[in-house]
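Residues per chain, in single letters:
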Amino acid sequence: MSTSTEVADDSGIRVDTDVVRGIEEPVPIKRRKSWKRPLRRFSALIGIIVIWWLASLFMSPQTLPGPFLVFSTMLENLTEGDTYYQLAVTMGRVLGGMTIAMIMGLVIGLIMGLSAWGEDLLINVVLVGFSIPAVVFGILFILWFGLNDTAAILAVGVAATPAIAINIWQGTKAIDRDLMHMGKAFRFSQRSMLTKVVIPQLVPFVLAALRTALAISWKIVTVVELIGLSSGVGYMLHWWFGNFNMTQVLAWTLLFTITLLLIENLILKPIEKRLTRWRPHAAALEGAA
Amino acid sequence: MAYLEIENLRKEFRRPGQTPLKVIDGLNVSVEEGALLSILGPSGCGKSTMLNIINGLDDATSGRIILNGKEVSTKARSDVKVSVVFQQPRLLNWRTVSDNVLVPLLERGVGKREAKERVEKYLDLVGLGEFGGYYPLQLSGGMQQRVSLARGLAIEPDLLLADEPFSALDEITARKLRQEFVRVWATTGRTILFVTHNIREAVFLSSRMLVITARPSTTFLDMEIDVPQPRKPEDDALFELEKSITADFMRMEDESEMKRRLQEAVA
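Line order of the protein sequences matches chains D and E. FYI, the numbering used here numbers position 244 of the first sequence as 491, with every residue one higher than the one before it. FYI, the numbering used here numbers position 75 of the second sequence as 90, with every residue one higher than the one before it.
Simulated from the structure, these hints should not be mistaken for laboratory data. Hints should not be assumed to be uniformly reliable.
Said to hold, decoys possible - Distance condition first, Cα-Cα at most 25 Å in a straight line; then the derived DSS-like pairs of lysine-lysine:
| no. | chain 1 | residue 1 | chain 2 | residue 2 |
| --- | --- | --- | --- | --- |
| 1 | D | K431 | D | K420 |
| 2 | E | K96 | E | K136 |
| 3 | D | K420 | D | K443 |
| 4 | D | K431 | E | K85 |
| 5 | E | K131 | D | K431 |
| 6 | E | K131 | D | K443 |
| 7 | E | K37 | E | K90 |
| 8 | D | K443 | E | K127 |
| 9 | D | K443 | E | K90 |
| 10 | D | K431 | E | K258 |
| 11 | D | K443 | E | K37 |
| 12 | E | K247 | E | K258 |
| 13 | E | K127 | E | K96 |
| 14 | E | K85 | E | K96 |
| 15 | E | K96 | E | K131 |
| 16 | E | K247 | D | K431 |
Said to hold, decoys possible - Over 12 Å on every C-beta distance to chain E, these chain D residues come out as not near it, computed from the model:
| no. | residue |
| --- | --- |
| 17 | L286 |
| 18 | V382 |
| 19 | V444 |
| 20 | V496 |
| 21 | P517 |
| 22 | R526 |
Since we're looking at a predicted model, the values are computed, not measured. Where a beta carbon is used, it is the ideal one built from N, C-alpha and C, also for glycine.
Start from the sequences and build out the full structure, keeping to the hints where you can.
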């Protein structure tokens, strides 16, 4: 959430010291293309893997299998069709839950941000919802709907909603009133006011919300699968846990982590880049994100 | 009746737990069509509030604004083509420079082809013809303000409300733009209300000048400036005017200071 506030500050109006600068040269939008940045980003990850590998040398593979064993087990799993099925089932539930959470979170966040009345009414509900452990939602929805996809998706949806709502609520607080005044002065229609003035300012917050939703949803879905379903990554974790197979537990965790990294880098990042290309500091902020 | 009549305008802002803040206290002005009226006053004297009321973005506490024969309010904004230039650029940073000028035109129902021609024309006028494809945050503050000026002019308004549009610019740029501004005004013959706290700027630009007092505002001075256009910034006549108005302005400030002290002493 700290990144989103930075974003908001930055999109504010600036009439500042540039004027005194005298040199009226446009500032180029910097996009440094260098191999150093990705290396730096992954160096911590590589460090953890090295520590993992060193630790595994002193323990039995039943307690802590090394990274090579886990990695090769994961690749082996990938030759079986069932792995893709379990992964797809979980991703389906994540997407379903995320969609519900995004819709509900947007509506609740907008109501809270745009009316004082709505804020008073909903603030405590959202904060309570935010503090309830996800597993509680899992148990409740399984008891109400049975051991099925509906329960899993609804549990994810409801559990992830408060975080999204809070993000969007913060976003509406950061909307620039001066720009809305400008729109009114130039007689923008209600519709243009929304699509051309308000929503573009919410975009960074929606993206942040999307990230949070993805991370939360996957955590909740595995818990729900673990406690009550007979398919999905959570179920596989449960199954291998029952067999005391540490290597497989880690292999499945690794597989899912990689899947999430791919979603982040192949889908979310490019969307973000496209939507915030007007901001000269995009490259700098990316590092913070 | 004049083009714009401000009749006994009063504006108060309610403050919770306090007496209302009186911003404008019975202002009477009538503006002829085609005037370039400067409104000069100390900061915080309700000049921007007045522009908002004229544009139908805020309602007066009492009094009336009549624009081209029709009373204006937030519920009944005038059909006169009104445009604005703010003190800050207030641009849509996620849209290109061209789009920033284009969007308000399209909102006003200007045809697409004509709107595009106007974007080009007015960006050229403010010296940003080549920067249409840039995003505002790629430009300096001064350039952003010029985009804002192009946006305001491109509407080709019947009434332009300018709220200290050049105050954030460096003097050289401001001077160039003032000259362009006067030229546009002289060729189109439209009415302009120009709020400023820069006496020299007011004297150079306007056909008439209004000096208003500190909050709550009333008229202090209302004078024609009949130096023919185009004027030179170094004209002696303008300089003399500037000197005498500055003296008046200082006297006004002193008087209001005295009045405030007197009131404090009585209370």
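Each hint, compared with the structure:
Between D:K431 and D:K420 the CA atoms are separated by roughly 19 Å; this keeps the pair inside 25 Å, and the hint holds. Distance check on the hinted pair: E:K96 and E:K136 sit about 19 Å apart at the alpha-carbon level, within 25 Å; holds. A hinted pair counts as satisfied when its Cα atoms are at most 25 Å apart, and D:K420 with D:K443 qualifies at roughly 17 Å. Simply put, D:K431 and E:K85 have alpha-carbon atoms about 20 Å apart, close enough for the 25 Å limit, and the pair holds.
In summary, the hint linking E:K131 to D:K431 is supported, as the alpha carbons are separated by about 22 Å, within the 25 Å threshold. Our distance criterion of 25 Å between C-alpha atoms is met by E:K131 and D:K443, whose separation comes to about 18 Å. Restraint check for E:K37 and E:K90: the C-alpha separation of about 23 Å stays at or below 25 Å, so the hint holds. Proposed proximity of D:K443 and E:K127 is supported: the alpha carbons are some 17 Å apart, at most 25 Å.
This hinted pair checks out: D:K443 and E:K90 have alpha carbons roughly 23 Å apart, not beyond 25 Å. Of the pairs offered as hints, the one joining D:K431 and E:K258 is violated, with about 39 Å between alpha carbons and a cut-off of 25 Å exceeded. Taking the CA atoms of D:K443 and E:K37, the gap is about 35 Å. The hint is violated against a cut of 25 Å. About 16 Å separates the Cα atoms of E:K247 and E:K258, which keeps this hinted pair within 25 Å; it holds.
Distance restraint check for E:K127 and E:K96: the Cα-Cα separation of roughly 18 Å lies within the 25 Å cut-off, and the hinted pair is therefore satisfied. Pair hint E:K85 plus E:K96 holds up; C-alpha atoms about 13 Å apart against a cutoff of 25 Å. For the hint pairing E:K96 with E:K131, the CA-to-CA distance comes to about 19 Å; that is within 25 Å, so the pair holds. Proposed proximity of E:K247 and D:K431 is contradicted: the alpha carbons are some 37 Å apart, above 25 Å.
In this structure D:L286 is separated from chain E by more than 12 Å, as the shortest Cβ-Cβ distance comes to about 29 Å. Residue-level check passed: D:V382 sits 40 Å from the nearest beta carbon of chain E, beyond 12 Å. A beta-carbon of chain E is positioned within 12 Å of the beta-carbon of D:V444; the least distance is around 7 Å. In this structure D:V496 is separated from chain E by more than 12 Å, as the shortest Cβ-Cβ distance comes to about 45 Å.
Even its closest Cβ contact with chain E, about 17 Å, leaves D:P517 beyond 12 Å, as expected for a residue assigned away from the interface. Not every Cβ of chain E is farther than 12 Å from the Cβ of D:R526; the closest lies at roughly 6 Å, contradicting the non-interface assignment.
The structure shown violates the earlier hints numbered 10, 11, 16, 19, 22.
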